[in-house]
Structure formats: structure tokens, C-alpha cells
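Between the sequences and the hints, there should be enough to build the whole structure, so can you do that?
Heads up: the sequence lines are chains B and R, in that order.
Read in order, the letters of the first sequence correspond to residues 1 to 112 in our numbering.
Read in order, the letters of the second sequence correspond to residues 1 to 115 in our numbering.
There's no promise every hint is true.
Claimed, not checked - Just so you have them, the derived chain B footprint on chain R, three or more residues with Cβ under 8 Å:
{"hint": "1", "stretch": "38-45"}
{"hint": "2", "stretch": "105-112"}
As the list claims (entries may be wrong) - Over 12 Å on every C-beta distance to chain B, these chain R residues come out as not near it, computed from the model:
{"hint": "3", "residue": "8"}
{"hint": "4", "residue": "11"}
{"hint": "5", "residue": "26"}
{"hint": "6", "residue": "27"}
{"hint": "7", "residue": "55"}
{"hint": "8", "residue": "65"}
{"hint": "9", "residue": "68"}
{"hint": "10", "residue": "69"}
What the hints assert, rightly or not - Listed next, with one range per pair, are the computed distances between beta-carbon atoms:
{"hint": "11", "chain 1": "R", "residue 1": "40", "chain 2": "B", "residue 2": "59", "range": "22 to 32 Å"}
{"hint": "12", "chain 1": "B", "residue 1": "54", "chain 2": "R", "residue 2": "115", "range": "48 to 58 Å"}
{"hint": "13", "chain 1": "B", "residue 1": "17", "chain 2": "R", "residue 2": "15", "range": "26 to 36 Å"}
{"hint": "14", "chain 1": "B", "residue 1": "28", "chain 2": "R", "residue 2": "30", "range": "38 to 48 Å"}
{"hint": "15", "chain 1": "R", "residue 1": "29", "chain 2": "B", "residue 2": "96", "range": "15 to 25 Å"}
{"hint": "16", "chain 1": "R", "residue 1": "29", "chain 2": "B", "residue 2": "27", "range": "41 to 51 Å"}
{"hint": "17", "chain 1": "R", "residue 1": "56", "chain 2": "B", "residue 2": "54", "range": "32 to 42 Å"}
{"hint": "18", "chain 1": "B", "residue 1": "27", "chain 2": "R", "residue 2": "30", "range": "19 to 29 Å"}
Note that these hints are calculated values from the structure, not bench results.
C-beta: ideal position from N, C-alpha, C; glycine also.
Chain by chain, the residues run as shown.
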Amino acid sequence: EAQVTQNPRYLITVTGKKLTVTCSQNMNHEYMSWYRQDPGLGLRQIYYSMNVEVTDKGDVPEGYKVSRKEKRNFPLILESPSPNQTSLYFCASSLAEASPLHFGNGTRLTVT
Amino acid sequence: GNSVTQMEGPVTLSEEAFLTINCTYTATGYPSLFWYVQYPGEGLQLLLKATKADDKGSNKGFEATYRKETTSFHLEKGSVQVSDSAVYFCALSDPTYTGRRALTFGSGTRLQVQP
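Written out as C-alpha cells, the structure reads:
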């Protein structure tokens, strides 16, 4: 089954403790992206990747890192999480730039 | 910059009622327009899309027409079902962002359909 898999689904952590949210897709998509969803703000892009080893900032990249060492994986790294990064995070992928996005089921992160 | 404005929710309807969710946009170029749907506990799924003016996207009984003159892409369905209860996001993709494909999303509209 074609899918985008994120882990974990839920994560509670404390300020400053490094964490990684994993994202993997099995569709051989070149394009991958991370979004955060906050009430009243819709979805905002954090980082995106056009292909392996090619990443770039989205609209709200501060406090986040990503890497794309393999085509299928695109982890999101929070080196020193802060409470304002409490949010619902989505990973997405698409075959090419003009193709529809496929989303994972989300990771709800709480930073205390 | 680009923006997408959706009507505030929640929208509460009875089963078989007619649905309209308004969406207007501002963009520097000639964007593609999308509606995504998010069911409880799930990620977003593409519902329909339109890539140029006057195009009509349709899927699962939902329709939306790309109106360049009014910069709108309103979502409609003739007869909603309880299973349509979800959050609906209007979005645009602007090709003037060279080398970058960033969807700009609206804030979402929650639809609640009562039996």
C-alpha cells in the first residue's frame, strides 16, 4: 500500500531535549516536505526537499533541521525543542513538483 | 505574498443539505488550486484540483470552479452525508516560486453533518 509513515504519532517531551520525528514514503517520490498545523493558522511549511541531499527552508524553519540522505526518508529534527513548537506535524511527499501531495497521519508533539 | 482565505467554521448542516465552503486567494502568478480534506485522526487527502482559470475540479460529489475574475475556488456539494464530516482546506500552488513548491493553505473549515 502506497503511504507516508510518520513516527511517533504522539510525543511529549521537555524543553531542550533533542528529538527526531521520522518520515518514510514507499512511493519513490522525489519531493518531500514537513508542515506544522496550528489552530487558526492552517498548515505552514517548515522544510522541503526536492531530492536526495537537496533541502531548503519553508516558511517557518527556525528551530528545525532536516536531512535527506535517502530518497524514502526525511526526518525532522528538533535540536532544542521549545514550548512554541508544540503542534501537529505532517510529513508529505509527491512524485514531482506539480503532483498532488500524499500526507502522513501526523505527529502530535507537546513540549513542556 | 500569497494567501488563502476560507470561511470560518464550524459549518453545521443536516444530512442531504447543500454545502458551500467559500475560498478566495491572492497570488502573484497563475496558481493551481486545491481542496484537501482531513478526516479525524488522519492526514490531509487531496479532494480535487484545478490548474487553470475556468477549470472545474470534481470528486466524490464535490465540485469547485477556478474563477480568476473573482479569485475564488468555492467548494460545493449538492447533498452532504454524515461521512463528509471533516476539516476542509483550500490551498494554492504558485509556480512563480522558482525551485520551490510551497502550498499555501487556508486555515481550514470544519464541517459537521448531523443525521
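So, going through the hints one by one against the coordinates:
Proximity of the stretch 38-45 of chain R to chain B, defined as three or more residues with a beta carbon under 8 Å from a beta carbon of that chain, is established by the 5 residues found. As drawn, the stretch 105-112 of chain R meets chain B at 4 residues by the rule of a beta-carbon pair under 8 Å; at three or more, the given contact holds. With a least CB separation of 9 Å from chain B, residue 8 of chain R falls inside the 12 Å interface cut-off, contrary to its annotation. Every beta carbon of chain B lies more than 12 Å from that of residue 11 of chain R, the smallest distance being close to 16 Å; the non-interface claim holds.
Distance check on residue 26 of chain R: its Cβ is at least 14 Å (rounded) from any Cβ of chain B, clearing the 12 Å threshold; non-interface status holds. Residue 27 of chain R, annotated as away from the interface, keeps every beta carbon of chain B farther than 12 Å; the closest lies near 15 Å. With 12 Å as the threshold on Cβ separation, the claim that residue 55 of chain R sits away from chain B holds: the shortest Cβ distance comes to roughly 14 Å. Interface exclusion of residue 65 of chain R from chain B stands, the closest Cβ pair being 19 Å apart, more than 12 Å.
Consistency note on residue 68 of chain R: stated as away from chain B, and its beta-carbon is indeed over 12 Å from all of that chain's, at 19 Å minimum. With a least beta-carbon separation of about 24 Å from chain B, residue 69 of chain R lies farther than 12 Å from that chain, consistent with its non-interface assignment. About 26 Å separates the C-beta atoms of residue 40 of chain R and residue 59 of chain B, a value consistent with the hinted range of 22 to 32 Å. A hinted range of 48 to 58 Å holds for the C-beta pair residue 54 of chain B and residue 115 of chain R, which are about 49 Å apart.
The hinted range of 26 to 36 Å is not satisfied by residue 17 of chain B and residue 15 of chain R, whose Cβ atoms lie roughly 47 Å apart. Residue 28 of chain B and residue 30 of chain R have their C-beta atoms about 29 Å apart, which leaves the hinted 38 to 48 Å range violated. In this structure the hint that residue 29 of chain R and residue 96 of chain B lie 15 to 25 Å apart at CB holds, the actual value being about 18 Å. Roughly 28 Å separates the CB atoms of residue 29 of chain R and residue 27 of chain B, a value that falls outside the hinted 41 to 51 Å.
Distance hint check: the CB atoms of residue 56 of chain R and residue 54 of chain B are about 35 Å apart, consistent with the given range 32 to 42 Å. In this structure, residue 27 of chain B and residue 30 of chain R meet the distance hint of 19 to 29 Å, their C-beta atoms being roughly 28 Å apart.
In summary, the structure is inconsistent with hints 3, 13, 14 and 16 from the numbered list given earlier, while agreeing with the others.
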